[in-house]
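Undergrad: If you read the protein sequences in the order shown, they are chains A and B. For the first sequence, our numbering begins at 1 and goes up steadily by one. For the second sequence, our numbering begins at 1 and goes up steadily by one.
Heads up, some of the hints might be wrong.
If chains are identical, the list can't say which one is meant, so a pair holds when it fits in one copy or spans any two.
[As the list claims (entries may be wrong)] Capping the alpha-carbon separation at 27 Å, the derived lysine-lysine pairs in DSS-like fashion look like this:
| id | residue 1 | residue 2 |
| --- | --- | --- |
| 1 | K115 | K254 |
| 2 | K22 | K397 |
| 3 | K53 | K307 |
| 4 | K60 | K380 |
| 5 | K290 | K49 |
| 6 | K56 | K397 |
Keep in mind the hints are simulated off the structure, nothing from the lab. Please read these numbers as outputs of a predicted model, since none were measured by experiment.
2 protein chains.
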Amino acid sequence: MKQLLSKRIQEVPESFIRSILKVANQPDVISFAGGLPSAELFPIDALEKACAKVLKNNGKQALQYASSEGDDQLRRWIAGRYLSQQSLTISPNNILITNGSQQALDLLGKVLLDKGDSIVIERPGYLGAIQAFSLYQPTMHSVSINNQGMILSELEHVLTKHQPKLVYTVPNFQNPTGVSYSQQNREQLVTLVLGSKTLLIQDDPYGELRFSGQKKSNFMSLLPEQTILLGSFSKVITPSFRLGWVVAPDWLIKPLVIAKQAADLHTNYFSQRIIFQYLQDNSIDLHIEKISQFYASKKAAMMQSIKQYFPASVTVAESEGGMFLWLTLPVGVSAMALFDQAIKQKVAFVPGKPFYIGDDEVDNTLRLSYVTMDEVAINKGIKVLADCINQILANTKRG
Amino acid sequence: MKQLLSKRIQEVPESFIRSILKVANQPDVISFAGGLPSAELFPIDALEKACAKVLKNNGKQALQYASSEGDDQLRRWIAGRYLSQQSLTISPNNILITNGSQQALDLLGKVLLDKGDSIVIERPGYLGAIQAFSLYQPTMHSVSINNQGMILSELEHVLTKHQPKLVYTVPNFQNPTGVSYSQQNREQLVTLVLGSKTLLIQDDPYGELRFSGQKKSNFMSLLPEQTILLGSFSKVITPSFRLGWVVAPDWLIKPLVIAKQAADLHTNYFSQRIIFQYLQDNSIDLHIEKISQFYASKKAAMMQSIKQYFPASVTVAESEGGMFLWLTLPVGVSAMALFDQAIKQKVAFVPGKPFYIGDDEVDNTLRLSYVTMDEVAINKGIKVLADCINQILANTKRG
């Protein structure tokens, strides 16, 4: 019966990361592979209090079907947060609550993309976005990013040649590289997109997890008419609730709500109420500060071990926050070969390969998450990786 | 920028029900319009206990990212339930947890349907299924149902002429009509589909809410190789959690999991754990029995009022459970006209029109939900409808 499958599902890239994570999640493995936040700081007690309060005060309502748009109070809170944190005036009516920002990608694909439409993704880019969009069979153009952001000459070329419907970006502490677009890069990027029929998506799951450096402009403030914002509670409260949102202009929000309704009627309403209650009774700023400090110290530990053990020919992309470091091995040293060596010694990470689309592959990059392992494990794991790299380098010279 | 919208989203029928519900949900309206379960019986206290237990015993895990397939324990519970209730042997590996069974429809559309593929839906049929599938731009063929189930001659014609990829059915207490397919109808239907390249979807949100009559065979027992089952906790525990599932054969479950991952990574894991805990600590059978008795008494009250007030020319479809009654007005009496009259007197229902696709419209049918109003309101509301019908009939005769 396999011939019944749609063409679109046959075109989705297999998630290589999925198979890696199956190995990496075994308990005796030092894993830098996951994209998970640290469970150490989940606000378990506060959420338990919020659950009890919601059920006691509004049980019937919190357990009933709810609106596709999402809880009004939560949408107002999100709008308020954009104002207080980023000086952005956003109407709650332009916010749709989704199952994590991942679902916003799916809904955007659904309402915007016809087969063959051009879109731009980052190179390397977030695999979940590549997967979500690929189900709508667009033509994907990847534009390289470096420590400064998107390579604007590449972007300009694609904009001119292909008139993409959307440009997907993670400008703060990007997944997989951890880098942020510079202020200048953002401003210049916007001038290229301004006035075209191209939408700019700012996906921002890590934006609040800044350890150093200055906050940069949100694309919404630079290009309000053409920007779509995605946000999420996954990295700052809990990912298990699958609570995110999309901010979109009037002409787009209604089709998104229709697509949301067709997809699953609405996002888990009980969880929306719990999160709103949690936000009423607790300081999210203090909580985010706690997470940022915790992650910053782990990042520092990993950087120190890298400096201590790794050959100088391995470079690390600059990062001021988030969860990831992006390493480039000397050309000719395969990250896949390194993975095969390291996993034998129970250390895991994600090779860069799955973050590039098509034949467009680079084989000497890799992503390390620093947030879920403790500092002893970080030191030990980095030492193992360094030994493996040195061994591969030695073999290469000999060969 | 509206020209950026995809063709598929432009083809989705507007949810007329949505606009009706906005009117119907006003507090002074007697509403028979909703598709909501009664909030009176939500197990609020038991769910609060389950929340506390999950967070106390497994907080870190329950708040972390989880697998796309869904919680293993919950999937085993569902498999066990199919065995105990319907004598069906189903592997937990063939079960995918979804955001209500609504999301299963979206995922099935995504992995099975290319533009122009033929599918069969019931006439009248569940609007949410029509919406979900329509986003994948199939050619929809509707096959009429009556008190016995699908009209098999119509089905046979469509099967032969169009080789549809799937036939979507709600064989127990269907939405909108409340009718169930007879045992004979199921057996004959299956012989038509057997051996073809057509899948049979049994959507079963109301199946456990039987008030009278005999349980009928699940299509999975009659046609195991070609049947897909959908299920949901929405009508038996709470809809707000958006917890449902799909049972699919091996060749289909993996693509569904890939589509699920691309859509939203996984279903709210905290809620999966709460429901599993609730099911461990409470008797779902007793709870379902309570709901069924409660709904049965409301149905009886509505039937009695209908007999008392309605002209004999209004017919009611036979129903042995679920949430809805389906009425046919005398030909020439428009349910839309009735709606316009009734809403002025603060009584709401859903006219049948949105449940038929295309030009295929019938204007003299309507759906009444009996589960959310109390018996006094039911009596009062039905009397208002009867008065409106009699008035329209009188005007028609005069005209």
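Undergrad: Does each hint hold? Answer for all of them.
TA: Outcome of the hint check:
In the homo-oligomer, the alpha carbons of K115 and K254 lie at most 27 Å apart both inside one protomer (22 Å) and across protomers (23 Å), since each shortest distance falls under that limit. For the identical chains of this complex, K22 and K397 are neighbours neither inside a copy (33 Å) nor across copies (73 Å), given an alpha-carbon limit of 27 Å. Taking identical chains as interchangeable, the C-alpha atoms of K53 and K307 are never at most 27 Å apart, the minima being 49 Å within one chain and 45 Å between chains. Taking CA atoms no more than 27 Å apart as the test, K60 paired with K380 passes between copies only; the shortest distance there is 24 Å, against 51 Å inside one copy.
In the homo-oligomer, the alpha carbons of K290 and K49 lie at most 27 Å apart inside one protomer (20 Å), although the nearest pairing across protomers, at 29 Å, exceeds that limit. Within a single copy, K56 and K397 get their C-alpha atoms no closer than 69 Å, and across copies no closer than 55 Å, so neither meets the 27 Å cut-off.
Violated hints for the displayed structure, listed by number in ascending order: 2, 3 and 6.
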